[in-house]
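Trainee: Sequence:
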Amino acid sequence: MVGAQLLVLLGAWLGVTTESEASSARDPSLFLRRYLHDPLQVEPFNATASALRCRFWDASVRGLSNTQLRHVEANLTAATLTAQAIVPVLQINGQYSIQGSMMFIPVQGNGPFNINATGLTANAYAQLEHDSRT
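For the sequence shown, the numbering used here begins at 1 and goes up steadily by one.
Heads up, some of the hints might be wrong.
[Claimed, not checked] Now the in silico label distances, taken between C-beta atoms and shown as ranges:
hint: 1; residue 1: 72; residue 2: 95; range: 28 to 38 angstroms
hint: 2; residue 1: 133; residue 2: 30; range: 29 to 39 angstroms
hint: 3; residue 1: 34; residue 2: 130; range: 43 to 53 angstroms
hint: 4; residue 1: 108; residue 2: 44; range: 15 to 25 angstroms
In short, the hints are calculated from the structure, not lab data.
All residues carry an ideal CB built from backbone N, CA and C; glycine is no exception.
Turn these sequences into a full structure, and let the hints steer you where they fit.
Mentor: Listed below in structure tokens is the structure:
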């Protein structure tokens, strides 16, 4: 019974609920596009590394809507799920400030930042558990 429930859950996750959505089963990336919209606004955050303090704000991420889901595999016996996604181009823009020191050298700055990355690969692994409430 758990295996059947997992298959139904995976079917729902892949977006296969009607015949018109069957194309999502052939290309699961189409399912992701429902949820990955550009730009993605990022909440302000702080990062600290050793003696450096950084603050980032007004950050937005572009390119997630083009994510390609390359591999999804469910192992019902082991109750695991693995997936691989490719992000062809990712752009992150925003504002930053940094201050502190690096190897006894003072570091200070602020202004706009731009990050461009290509050919990103994301691998995911999940250990699934049965929820006894369902």
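Trainee: Could you tell me which of the numbered hints above are not met by this structure, giving the numbers in increasing order?
Mentor: Checked against the structure, the only hint that fails is number 3, while the rest are satisfied.
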